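Start from the sequences, fold in the hints, and give me the full structure.
Protein chains: 2
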Amino acid sequence: MITNLENILSDSAKGMKRSVIRELLKLTQRPDIISFAGGLPAPSTFPIEELKQISNEVLEEEGSSALQYGQTEGETHLREILLERYQKIGLNISIDNISILTSSQQGLDLAGKIFINRGDKIICGLPSYLGGLGAFSNYGAIPVGIKFDEFGMRSDLLEVSLSKLEAANDLPKFIYVIPDFQNPAGITMPEWRRLEIINIAKKYNILIIEDSPYRELRFEGESQRMMYDLDNSGQVICLGTFSKIFVPGFRIGWVIAHEAILDKFVKAKQSTDLCTSPFVQKIAARYLEKGLFDKNLKNIIKMYHRKRDVMLEAFEEFMPKGVKWTKPEGGLFLFLILPEDMDAEDLFEIAIKKNVAFVLGSVFHCDGSGKNTMRINFSYMDEDQNRIGVQRLAESIQTLLNNKCLTV
Amino acid sequence: MITNLENILSDSAKGMKRSVIRELLKLTQRPDIISFAGGLPAPSTFPIEELKQISNEVLEEEGSSALQYGQTEGETHLREILLERYQKIGLNISIDNISILTSSQQGLDLAGKIFINRGDKIICGLPSYLGGLGAFSNYGAIPVGIKFDEFGMRSDLLEVSLSKLEAANDLPKFIYVIPDFQNPAGITMPEWRRLEIINIAKKYNILIIEDSPYRELRFEGESQRMMYDLDNSGQVICLGTFSKIFVPGFRIGWVIAHEAILDKFVKAKQSTDLCTSPFVQKIAARYLEKGLFDKNLKNIIKMYHRKRDVMLEAFEEFMPKGVKWTKPEGGLFLFLILPEDMDAEDLFEIAIKKNVAFVLGSVFHCDGSGKNTMRINFSYMDEDQNRIGVQRLAESIQTLLNNKCLTV
Numbered sequence: 001m002i003t004n005l006e007n008i009l010s011d012s013a014k015g016m017k018r019s020v021i022r023e024l025l026k027l028t029q030r031p032d033i034i035s036f037a038g039g040l041p042a043p044s045t046f047p048i049e050e051l052k053q054i055s056n057e058v059l060e061e062e063g064s065s066a067l068q069y070g071q072t073e074g075e076t077h078l079r080e081i082l083l084e085r086y087q088k089i090g091l092n093i094s095i096d097n098i099s100i101l102t103s104s105q106q107g108l109d110l111a112g113k114i115f116i117n118r119g120d121k122i123i124c125g126l127p128s129y130l131g132g133l134g135a136f137s138n139y140g141a142i143p144v145g146i147k148f149d150e151f152g153m154r155s156d157l158l159e160v161s162l163s164k165l166e167a168a169n170d171l172p173k174f175i176y177v178i179p180d181f182q183n184p185a186g187i188t189m190p191e192w193r194r195l196e197i198i199n200i201a202k203k204y205n206i207l208i209i210e211d212s213p214y215r216e217l218r219f220e221g222e223s224q225r226m227m228y229d230l231d232n233s234g235q236v237i238c239l240g241t242f243s244k245i246f247v248p249g250f251r252i253g254w255v256i257a258h259e260a261i262l263d264k265f266v267k268a269k270q271s272t273d274l275c276t277s278p279f280v281q282k283i284a285a286r287y288l289e290k291g292l293f294d295k296n297l298k299n300i301i302k303m304y305h306r307k308r309d310v311m312l313e314a315f316e317e318f319m320p321k322g323v324k325w326t327k328p329e330g331g332l333f334l335f336l337i338l339p340e341d342m343d344a345e346d347l348f349e350i351a352i353k354k355n356v357a358f359v360l361g362s363v364f365h366c367d368g369s370g371k372n373t374m375r376i377n378f379s380y381m382d383e384d385q386n387r388i389g390v391q392r393l394a395e396s397i398q399t400l401l402n403n404k405c406l407t408v
Numbered sequence: 001m002i003t004n005l006e007n008i009l010s011d012s013a014k015g016m017k018r019s020v021i022r023e024l025l026k027l028t029q030r031p032d033i034i035s036f037a038g039g040l041p042a043p044s045t046f047p048i049e050e051l052k053q054i055s056n057e058v059l060e061e062e063g064s065s066a067l068q069y070g071q072t073e074g075e076t077h078l079r080e081i082l083l084e085r086y087q088k089i090g091l092n093i094s095i096d097n098i099s100i101l102t103s104s105q106q107g108l109d110l111a112g113k114i115f116i117n118r119g120d121k122i123i124c125g126l127p128s129y130l131g132g133l134g135a136f137s138n139y140g141a142i143p144v145g146i147k148f149d150e151f152g153m154r155s156d157l158l159e160v161s162l163s164k165l166e167a168a169n170d171l172p173k174f175i176y177v178i179p180d181f182q183n184p185a186g187i188t189m190p191e192w193r194r195l196e197i198i199n200i201a202k203k204y205n206i207l208i209i210e211d212s213p214y215r216e217l218r219f220e221g222e223s224q225r226m227m228y229d230l231d232n233s234g235q236v237i238c239l240g241t242f243s244k245i246f247v248p249g250f251r252i253g254w255v256i257a258h259e260a261i262l263d264k265f266v267k268a269k270q271s272t273d274l275c276t277s278p279f280v281q282k283i284a285a286r287y288l289e290k291g292l293f294d295k296n297l298k299n300i301i302k303m304y305h306r307k308r309d310v311m312l313e314a315f316e317e318f319m320p321k322g323v324k325w326t327k328p329e330g331g332l333f334l335f336l337i338l339p340e341d342m343d344a345e346d347l348f349e350i351a352i353k354k355n356v357a358f359v360l361g362s363v364f365h366c367d368g369s370g371k372n373t374m375r376i377n378f379s380y381m382d383e384d385q386n387r388i389g390v391q392r393l394a395e396s397i398q399t400l401l402n403n404k405c406l407t408v
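Chains A and B are the protein sequences, given in the same order.
Position 30 (the first sequence) corresponds to 30 in the working numbering; numbering is contiguous.
Position 243 (the second sequence) corresponds to 243 in the working numbering; numbering is contiguous.
The reader is advised that the hints may include incorrect statements.
Copies of one chain are not kept apart here, so a pair can be met inside one copy or by any two copies together.
Cut-off 30 Å, straight-line C-alpha distance, at most; resulting in silico cross-link-like pairs (DSS-like, lysine-lysine) [as the list claims (entries may be wrong)]:
(1) K14 <-> K203
(2) K295 <-> K88
(3) K295 <-> K52
(4) K121 <-> K14
(5) K202 <-> K164
(6) K17 <-> K121
(7) K52 <-> K121
(8) K354 <-> K371
(9) K14 <-> K202
(10) K202 <-> K17
(11) K52 <-> K290
(12) K354 <-> K298
Bear in mind the hints are in silico, worked out from the structure with no lab data behind them.
Just so you know, these numbers come straight off a predicted model, no measurement behind them.
This is the structure:
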């Protein structure tokens, strides 16, 4: 073995940490634990029978091309189907604006590769998806966090930050946002806030990355137009994925972008994995074409809606005074906010003893803030577990509050 | 659209080119063209019927986990099967030394991410696999090419280069080699040459990346021990893949490395695509477990052996004097070498008109040399096409020779 491994690592690798969440998930896989920690879809939503049938069809009818190398841009059939879905909701795009990725996480990685030089700034939310922050920081990005209000990223603070950065000749490469049912906060940006952010991005001539894994999981309320659509000048790069609305196990995502930008994604993807598996792309394309996707999506929405309701009701019933939570209109997550002086890390130890787990909100804050916040997933556990888990969590919080009173 | 796209690109993206080969492949997909240009396995080797059966089994028996997110390290079952295969041929490794990747190309990309800072040197062969060079250069690596002889990378020249680089305090991060049936040259390093290179790497305390996609495709001659095995101190990182020995369409590769290095690969992979599709991993694991893989591999070897023989015979029969070629004992490629003063680019134009295609050898040379060389794939076309294609190629070369005589 070489004797200087730590010395020869790239600057990126020196800073790489294993994802807190993924490591945590390993801890919380004990069967007696009710885990709100993961971001997993409910496996009961996976259309196993239909996929058996379709896998057979794909191998029977186009096995040779399904098992061969494919185009870096992705399977044309799947791209056309996705294109049509986006055109239906108003996006003015062509096939040249959409390319398949090996998960939308790959899109975050490629965005880092394409835009970031070591030391470049990027804008993200406080809080923001950890996997996005990790992908960008692996290219040496320095995140500048913008605080949230109930409508998502605060545009007034964004404007202040950008004007300062411009003065320092250090404008960020892009603004990273998850406008719908944000991970981790569960907040959806209304259209007027989206427009404010787009206008600021235009003013400073910087890109927006619209990470959109949950958009189709709306339980109630009005759908808000995509930022890609609201802009429609090509200033927004949109990332999509099947992971939360179909199956994660296929690792299929996609990027929608201006032709000139898409070209960079395709070039960068070539040396990253050459192409995404044509086999799973062809299965997905047929699944969508048969109308099975939309039918299943309705069921997923119904199921997660109920799970969220059970959870919100349990919060109302069990939570001690002073604890707050977001009320997402869709998606997989909500944010639980403890009184300001409490630390979710202290709570975690108590909660794990009571067999309930969550993710510390602080890991989603690039500035280390949010110590009193927690991400709660409501999609993976069943309704009963959601209720019992919240009860345990409430008891844990009460224990922590009591301990605090004792110490004071 | 932002007005300064070219300005905000990372230094990497500014240098990114679409892969010459993949773009070329699009040109050569006309059905009347006999293409020796690609690196595709023959689709008739894909075990479609067996995979139908196994896909059904996987979905039937473990559908929920196959379609869910998986571990970043890969499916344990598949890792164990691969482990056992490598242990059988002598590698002293455990499960903690092997991790699944989304194609071995991902391994090249991650190696870049883990080890390369912009401006770092890496050592590669003259010639070398283009996808490796592309992956490394996307992280700002500067390749230092080492000439080949009939035994692969010349160790004497390697030593000279490293001693110069050491004097300049600019030692490369690693030596990139494909020891078995090298792409593009078709050359296999004998064990003594492997040992020479390992010893030099040890002397200078630098890593070796052993890219090994073709190793199991040996038609004849003695198997040479893997560099990972010959070293067995953890100085070698080995990359493997199913693409050439099973199916490329699953995009499954793997990395074998010292635990400390493997840990870096897992961390880097987390923010790249979270995990490789558990669905295709589970199918592959069962396919191997049932013994179908080894049976099929024998057939692949037999088929490619015949195809190579037909091609070599056609070379003997048709090639004008002065044209040379390598005689690989396995793999997918051989190298055709024109007389020194000829340029394969001139030949390409003539050849395409005669409906035969190949890849310019110069694209595999990081220093732009090798203008009189060509990479020829013998696995994709059928035996007749191999023969007819060589005949057309020989005629094209004769035409070019005649033209040359006319000009002189």
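Going through the earlier hints one by one, which of them does the structure break, listed in rising order? Hints 7, 12 contradicted; others consistent.
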